[in-house]
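Using the hints provided, position chain B relative to the given structure of chain A.
Number of protein chains: 2
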Amino acid sequence: MDYDTPLFFHVMQYAAAADRDVIDMVSGNPDWEPPEALRDGLREYADADPDAFQYPPSDGLRELREEVAARRGVDADRIVITNGAGEANYLAMAAALERDAGDEILLTDPVYPYYPGKARMLGADPRLVPVADDGDLDVAAMREAAGPNTAAILINSPNNPTGAVYDADTVAAMIDIAEANDALLLSDEVYDHYDFSGRFESALAVDSAHAVVTNSFSKSMAITGLRVGYAVFPPHLVEAARTRHMLVNVTGARPSQVAVLRALRETGAEYYEASRDLLRKRVDAFTDALDAAGAEYLHPDGAFYVFARFEGFPGTLENVERLVDEAGVACMPGDTFGTYDEWVRFALVTPRAEEAAERLADHDF
Amino acid sequence: MDYDTPLFFHVMQYAAAADRDVIDMVSGNPDWEPPEALRDGLREYADADPDAFQYPPSDGLRELREEVAARRGVDADRIVITNGAGEANYLAMAAALERDAGDEILLTDPVYPYYPGKARMLGADPRLVPVADDGDLDVAAMREAAGPNTAAILINSPNNPTGAVYDADTVAAMIDIAEANDALLLSDEVYDHYDFSGRFESALAVDSAHAVVTNSFSKSMAITGLRVGYAVFPPHLVEAARTRHMLVNVTGARPSQVAVLRALRETGAEYYEASRDLLRKRVDAFTDALDAAGAEYLHPDGAFYVFARFEGFPGTLENVERLVDEAGVACMPGDTFGTYDEWVRFALVTPRAEEAAERLADHDF
Chain A
1 MDYDTPLFFH VMQYAAAADR DVIDMVSGNP DWEPPEALRD GLREYADADP
51 DAFQYPPSDG LRELREEVAA RRGVDADRIV ITNGAGEANY LAMAAALERD
101 AGDEILLTDP VYPYYPGKAR MLGADPRLVP VADDGDLDVA AMREAAGPNT
151 AAILINSPNN PTGAVYDADT VAAMIDIAEA NDALLLSDEV YDHYDFSGRF
201 ESALAVDSAH AVVTNSFSKS MAITGLRVGY AVFPPHLVEA ARTRHMLVNV
251 TGARPSQVAV LRALRETGAE YYEASRDLLR KRVDAFTDAL DAAGAEYLHP
301 DGAFYVFARF EGFPGTLENV ERLVDEAGVA CMPGDTFGTY DEWVRFALVT
351 PRAEEAAERL ADHDF
Chain B
1 MDYDTPLFFH VMQYAAAADR DVIDMVSGNP DWEPPEALRD GLREYADADP
51 DAFQYPPSDG LRELREEVAA RRGVDADRIV ITNGAGEANY LAMAAALERD
101 AGDEILLTDP VYPYYPGKAR MLGADPRLVP VADDGDLDVA AMREAAGPNT
151 AAILINSPNN PTGAVYDADT VAAMIDIAEA NDALLLSDEV YDHYDFSGRF
201 ESALAVDSAH AVVTNSFSKS MAITGLRVGY AVFPPHLVEA ARTRHMLVNV
251 TGARPSQVAV LRALRETGAE YYEASRDLLR KRVDAFTDAL DAAGAEYLHP
301 DGAFYVFARF EGFPGTLENV ERLVDEAGVA CMPGDTFGTY DEWVRFALVT
351 PRAEEAAERL ADHDF
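Chains A and B, in that order, give the protein sequences. According to the UniProt record's numbering, the stretch in the first sequence is residues 1 to 365, in order. According to the UniProt record's numbering, the stretch in the second sequence is residues 1 to 365, in order.
Isolated chain A, as found in the complex (with noise of 0.2 Å):
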């Protein structure tokens, strides 16, 4: 199995051992407050009966999977939650692979790098279709691409590394592909409370035995390191899924979800707009940066990266250690998210972002 992460944990790392004052850009880690519900949620399981120590139901706690599925409007019965969206993403693939209707997924390009890894692990053949030349997904390509021994395409909107948003119409349409080819379409959506453009759609607005859609409290919450998440399945998946889900993990961490339950019913919607503005914010003072210093990026719509390249500075690994060393910015090397060896991708995760753009607009390239 390859795998890029060993990538990311070196530029970090390079970052750390630097012999200057670096600005991390590289990792996905949101620097805001958690809800302070989610505080409270975990200082009331501390106090909690020894029983509230033991397993949770192996598709999670019932009163966290009936108030996500009131949420997203489905029936709490295709929900399972998992250990974060990256074991919801795992579980989808597995039950479009299971199907026994071909063994491709399909991917954009550039691509977020555990999506191919896992689709290798699993057995899967990943591939990769380009994406417009504006990060938007190139709809009729995938058309193109879809055949019989398509198991599923996999896509992610607020999209990283490109923050492009799919509207309802190319939703609608990638649901169309995927039932057209008897192939699963799986639906990423952990960024979808950072949409700044208005237009992002779930693919759970499209009623179809076709679709996952896969999410996680991980970025809204600010709580990546609790592992939350959830996958909505159509009906007849469902039971296959609980149980890898149980073979691999039994079940998920029962402190997270409390928290996240109580997180869930007491926060209000001005926590959430607060970090998506905070977001807009960064956003606009680093694209500003980005013009000054004359980059070319894809104009984030949503999520919190700028996918960026610089005349003259391909976006290697050599590079981005140059920048590290020369600008005190580091960054993640294009190539990481596929073929886009010309890039680079900027997280917004960090209160130097404006600071950082900065660098950049002084740098010379």
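Calculated from the structure, these hints are not laboratory results.
Which copy is meant is left open, because identical chains are indistinguishable; a pair holds if it fits in one copy or across any two.
In the DMTMM-like style, the derived pairs of lysine to aspartate or glutamate whose C-alpha atoms are separated by at most 25 Å in a straight line are:
id: 1; residue 1: K281; residue 2: D49
id: 2; residue 1: K281; residue 2: D24
id: 3; residue 1: K281; residue 2: D362
id: 4; residue 1: K281; residue 2: D51
Same frame as chain A, now just chain B:
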């Protein structure tokens, strides 16, 4: 994938719906207090800075790995912190199968039902080898069964459901069999704190490139819901296991890891002794009552189950349900654990174990 947990749930649901008081001896959830330091760890975490809510290292908090490494006498780099022993066993089986050295996994009969379920999910062929009449491992039968197609031999000591504890000679012989067949010996030691015999030996006692040890804090700290376990791999297998762990789960839950770390550091031997003593007393009282009832059983040297059979009362689901209705005691049908359809398993993780024993002694089988 067929898997017996639906039966497990079925019995629990049947017991819960019964029109009388029922003592639940089905599930393996400890009923005693977790360490106080574990609660303190959760409280401390609830007040931590936002960055403590983000991803821990994929293979677990460094301090936790080092704490475990020091206790087990191994290098921390051989340890992957997992989502409970469930994931640890999944990673261990996958590591054995990825070696392309056969697709058979030898298990004992009776067997913990997750093992054959996991093996089949990974595409392996589970093969059950009967234990000796007293429940002890039949090393000669294992040696006979192992061959070129054996990828792994999985043992569990102290054993669920037999209560057998494997001594140093047995463990060394099993590692020898694994080495002779280029297989991996997978040793699941989750009940290691509940050895009443003093004979328990870990597979880590033998320095072998063919042994993987799995464990968790679920049973020793009475926290099955926190999902913190680990696997100790030979150095040449750890990287692939880390990759699979990352691709399936990204990482485990951080609040749970922080709490376990604090509990490991601050909990004295008296905590573990108290739970062991509690269980020993329950085993004695329960087996005395089984003697009075004329039942046959395997006397447990460890863990917290009693595997028993009653003359003329095979452990079918129908009989288990009759026992719920007529005696007010819920247990697990024996064929859940392999081919032992004459038997039933009682879990002694209820303060009412002695009362249950009296009900059984009074029951007309």
